[in-house]
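J.: Chains as they are written, first to last, in the working numbering: chain A, 125 to 262; chain B, -17 to 217.
Just to be clear, a hint being listed does not mean it is correct.
Claimed, not checked - Calculated lysine to aspartate or glutamate pairs in the EDC-like style (CA-CA distance at most 20 angstroms, straight line):
#1 241(A) <-> 207(B)
#2 158(A) <-> 142(A)
#3 209(B) <-> 235(A)
#4 158(A) <-> 207(B)
#5 172(B) <-> 242(A)
#6 241(A) <-> 169(B)
#7 133(A) <-> 195(B)
#8 67(B) <-> 169(B)
#9 196(B) <-> 142(A)
#10 209(B) <-> 238(A)
#11 210(B) <-> 239(A)
#12 96(B) <-> 168(B)
#13 122(B) <-> 175(B)
#14 209(B) <-> 197(A)
#15 210(B) <-> 211(A)
#16 -13(B) <-> 168(B)
#17 33(B) <-> 11(B)
#18 196(B) <-> 138(A)
#19 209(B) <-> 242(A)
#20 158(A) <-> 197(A)
#21 241(A) <-> 11(B)
#22 158(A) <-> 238(A)
#23 158(A) <-> 230(A)
#24 126(A) <-> 242(A)
#25 210(B) <-> 235(A)
#26 96(B) <-> 174(B)
#27 210(B) <-> 238(A)
#28 241(A) <-> 168(B)
#29 209(B) <-> 211(A)
#30 192(B) <-> 235(A)
#31 209(B) <-> 138(A)
#32 210(B) <-> 138(A)
No lab work stands behind these hints, which were simulated from the structure alone. All of these numbers come straight from a predicted model, not from anything done at the bench.
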Amino acid sequence: MKNFTISNKGVAFENFIDEIVVVNLPVGYYYSLKGSARTLFLHIVNGSNREILSKFIVSNFEVTLDEAVSAAEDFITKLDGHNLLVETTNAADIIPNEMIERTPFDIPIIEIYDDMKELLSLDPIHDVDSVQGWPLKK
Amino acid sequence: MATEKIVNPLISVIIPVYNGEKHLKQAIESVLNQGHDFIEIIVINDGSFDKSYEIINSFKGKIRAYSQVNSGVASSRNLGISKAKGLFITFLDQDDYYPLGRFNNFLKTYRKSKELIFIGHTQYIFEDEKAKLRWPNLPKDNITFVKLLGASIFHKTVFTDYGLFIPELQSGDDIEWFYRLNQSGEEINKSEDVVLFYRQHSSNVSADKKQVDKYLLSSLKYILDAKKNIPNNKN
Chain A
125 MKNFTISNKG VAFENFIDEI VVVNLPVGYY YSLKGSARTL FLHIVNGSNR EILSKFIVSN
185 FEVTLDEAVS AAEDFITKLD GHNLLVETTN AADIIPNEMI ERTPFDIPII EIYDDMKELL
245 SLDPIHDVDS VQGWPLKK
Chain B
-17 MATEKIVNPL ISVIIPVYNG EKHLKQAIES VLNQGHDFIE IIVINDGSFD KSYEIINSFK
43 GKIRAYSQVN SGVASSRNLG ISKAKGLFIT FLDQDDYYPL GRFNNFLKTY RKSKELIFIG
103 HTQYIFEDEK AKLRWPNLPK DNITFVKLLG ASIFHKTVFT DYGLFIPELQ SGDDIEWFYR
163 LNQSGEEINK SEDVVLFYRQ HSSNVSADKK QVDKYLLSSL KYILDAKKNI PNNKN
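For reference, chain B alone in the conformation it holds in the complex (with noise of 0.2 angstroms):
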């Protein structure tokens, strides 16, 4: 498939929120501050209920916003999906932000490359050493390559090619749609560039971990199903 060779694509940045007062002015700042005029912020409010409205609002005339009933962050993903107008897409969760220059790299290559998909590397930022426990195995700078979709810029195309989030998943539904993008065998333009600051938080780990183990397990159920043509069952 070619890549309409735009010298500057327009580029939506989805962020859904759900109450992020803590961190997301940070990451709103983080786009605007990145200085392109090619860029639209688009914010997804999934029925906060803390300061987060207030928050987007005061970036009113620099971002476009929406909001719905709490319905999960998929659905916010798909929701932004639906509303972005950018040839490409990225995505930005509340409590992360952009390094500066983070799109410099990107527009340099898409011009030259083939692939719908972008992904630079995630450097950690931990909040506390308790936080950074949890990454034994991170390189001592705290930079590695992962697949996230805030270090991804995706072609719009390939959310027509391979489908939305799943918003059954909740917060698993990355995991399921990176392995459906696995699947497809497109071929990912990987950089060195640190273009996402990862934030890793330490509260409330072990409150949090059966539940967040029980979104990762949901969507392994969900591609073993698919692997073996089982109609999803919500079990």
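Looking at chain A on its own, in the form it has when it is part of the complex (with noise of 0.2 angstroms):
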């Protein structure tokens, strides 16, 4: 089974308090993550795959297996079409933790955003170098 994780292939992100922002400079597309989908997301950056995320997502989340197989599977499928996830040879299996209190699970959404294409695409943000000071550009 394929690992995969965050690309980091012109693609780029932050964990903000209650969201995750990610940008794909190379097709100038940007997303938000809330809720499940930002708990899914930290999750993969270390390294996943299908079965794992499932995993993942029964020891965290009140879902049966079923469910979480089904938003494994959808997660990743959209996550990869959008170029936002390469193959690892990372992905720590996931034990069991009965301590873990469980949450109710709201279906991971990806907000998808293309509105900035023509600003994102060819990048036009500068190089900041603290010493070198700015515009310092790529």
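The two chains are supplied separately, each in an independent frame; assemble them into the complex guided by the hints.
T.: Written as structure tokens, this is what we have:
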């Protein structure tokens, strides 16, 4: 089974308090992930696959295994469809932990935005160096 | 909104500077060399600790200069806008420069057009081959149309109508600002002329990448919060 992590080829993300924002610069898309989508994304950052992600969902949320498998499949397919994933050898299996308090599961939603394509695909942002100063571009 | 059709309207060129000694002289000279007397150059020294101050001083009498405690590029641009006397405002980064005749087409066009925003083409200038690797999609002549502040000229009312740059966004401020402008539906007059030489460096690319991404993503977060009417939080 293929293991995935988040791509670093033109893809960047930042974990804010309530939301992960992801940008795919080559295509100029950006994404918002909240709630369970945020949790699953952070799990995938460390390497995962469909099976492990399903176990992760079951161990953290109040869902059946079937629901978890379906959600994991759907989530990975969507991320992969937007070229946000790359294969990796890393993927730590999930060890069930009864101490973890499982929370209600909201269907993971990836909000997709393409209204910045013109600005993002040519990435006009400037490099900043704390010593050399700004604007120092890529 | 009607534009005042003065034959040669004053244009304010705002140059924010933070430790820009390497290319600043060329940037300022590229504006002076335009040879127009209806251009004012406003340099904002944002707490530089290299030789930027001396370089700025060497242009005494030819430019207007202001200093502030290091507050970031957005804050510097905003200070420049507040000091600008021009009917039109544009920007130039300390490491970029203008081609000769940068304003010629604008002056011909603006008199006939109703738009308040004019954006021309940008030519990317690569300091070395490594810097070029980052831009695989550029045309062979390295010229393309991209919304950059340095390639744009704005009627001053654009900033009163749509607001200033957001200082918290650091160097992602232009992304957010152009997004706001896009949302406004304000029409843009696009020119085929190259109006900006946009210098690209290869140094420190990997070291800076994380920081660049952070600024960009903070700007996108700001935009997302605005879309969802969430008060912007600084996290």
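J.: Indicate, hint by hint, whether the structure satisfies it.
T.: Status of each hint after checking the structure:
Between residue 241(A) and residue 207(B), the direct Cα distance comes to roughly 18 angstroms. Compliance with the 20 angstroms bound is thereby established for this hinted pair. Proximity of residue 158(A) to residue 142(A) is assessed by CA-CA distance (about 7 angstroms); at most 20 angstroms being required, the pair is judged to hold. Restraint check: the Cα-Cα separation between residue 209(B) and residue 235(A) comes to about 12 angstroms, which is no more than 20 angstroms; the hinted pair holds. With a C-alpha separation of about 12 angstroms, the suggested pairing of residue 158(A) with residue 207(B) holds against the 20 angstroms cut-off.
The suggested pairing of residue 172(B) with residue 242(A) holds, with an alpha-carbon distance near 14 angstroms, which does not exceed 20 angstroms. About 18 angstroms separates the Cα atoms of residue 241(A) and residue 169(B), which keeps this hinted pair within 20 angstroms; it holds. With a CA separation close to 12 angstroms, the supplied pair residue 133(A) and residue 195(B) stays within the 20 angstroms bound. For the suggested pair residue 67(B) and residue 169(B), the alpha carbons sit about 23 angstroms apart, so the restraint of at most 20 angstroms is broken.
For the hint linking residue 196(B) to residue 142(A), the alpha-carbon distance of about 16 angstroms falls within 20 angstroms, and the restraint holds. Taking the CA atoms of residue 209(B) and residue 238(A), the gap is about 13 angstroms. The hint holds against a cut of 20 angstroms. Pair hint residue 210(B) plus residue 239(A) holds up; C-alpha atoms about 15 angstroms apart against a cutoff of 20 angstroms. Of the pairs offered as hints, the one joining residue 96(B) and residue 168(B) holds, with about 11 angstroms between alpha carbons and a cut-off of 20 angstroms not exceeded.
With a CA separation close to 16 angstroms, the supplied pair residue 122(B) and residue 175(B) stays within the 20 angstroms bound. Straight-line distance between C-alpha atoms of residue 209(B) and residue 197(A) comes to about 29 angstroms, which puts the hinted pair past the 20 angstroms bound. For the hint pairing residue 210(B) with residue 211(A), the CA-to-CA distance comes to about 34 angstroms; that exceeds 20 angstroms, so the pair is violated. With a C-alpha separation of about 19 angstroms, the suggested pairing of residue -13(B) with residue 168(B) holds against the 20 angstroms cut-off.
Distance hint between residue 33(B) and residue 11(B) is fulfilled; the C-alpha atoms sit about 16 angstroms from each other, no more than 20 angstroms. Restraint check for residue 196(B) and residue 138(A): satisfied, since their Cα atoms lie roughly 7 angstroms apart, inside the 20 angstroms limit. Restraint check for residue 209(B) and residue 242(A): satisfied, since their Cα atoms lie roughly 18 angstroms apart, inside the 20 angstroms limit. Using a Cα cut-off of 20 angstroms, the hinted pair residue 158(A) and residue 197(A) holds, with the two alpha carbons roughly 18 angstroms apart.
At roughly 34 angstroms between alpha-carbon atoms, residue 241(A) and residue 11(B) are farther apart than 20 angstroms, so this suggested pair is violated. Simply put, residue 158(A) and residue 238(A) have alpha-carbon atoms about 18 angstroms apart, close enough for the 20 angstroms limit, and the pair holds. Only pairs whose Cα atoms come within 20 angstroms are accepted, and residue 158(A) paired with residue 230(A) is accepted, the gap being roughly 10 angstroms. Note on residue 126(A) and residue 242(A): the hinted pairing is violated, with a Cα-Cα distance of about 34 angstroms set against a maximum of 20 angstroms.
For the hint linking residue 210(B) to residue 235(A), the alpha-carbon distance of about 12 angstroms falls within 20 angstroms, and the restraint holds. Between the alpha carbons of residue 96(B) and residue 174(B) the distance comes to roughly 18 angstroms, so the proposed pair stays at or under 20 angstroms and holds. A threshold of 20 angstroms between alpha carbons decides the hint, and for residue 210(B) with residue 238(A) the separation of about 16 angstroms falls inside it, so the pair holds. Under the criterion of a C-alpha separation no larger than 20 angstroms, the hint pairing residue 241(A) with residue 168(B) is consistent with the structure, at around 18 angstroms.
As the CA atoms of residue 209(B) and residue 211(A) are separated by approximately 33 angstroms, the hinted pair breaks the 20 angstroms bound. Taking the CA atoms of residue 192(B) and residue 235(A), the gap is near 23 angstroms; set against the 20 angstroms cutoff, the hint is violated. Of the pairs offered as hints, the one joining residue 209(B) and residue 138(A) holds, with about 18 angstroms between alpha carbons and a cut-off of 20 angstroms not exceeded. Taking the CA atoms of residue 210(B) and residue 138(A), the gap is near 18 angstroms; set against the 20 angstroms cutoff, the hint holds.
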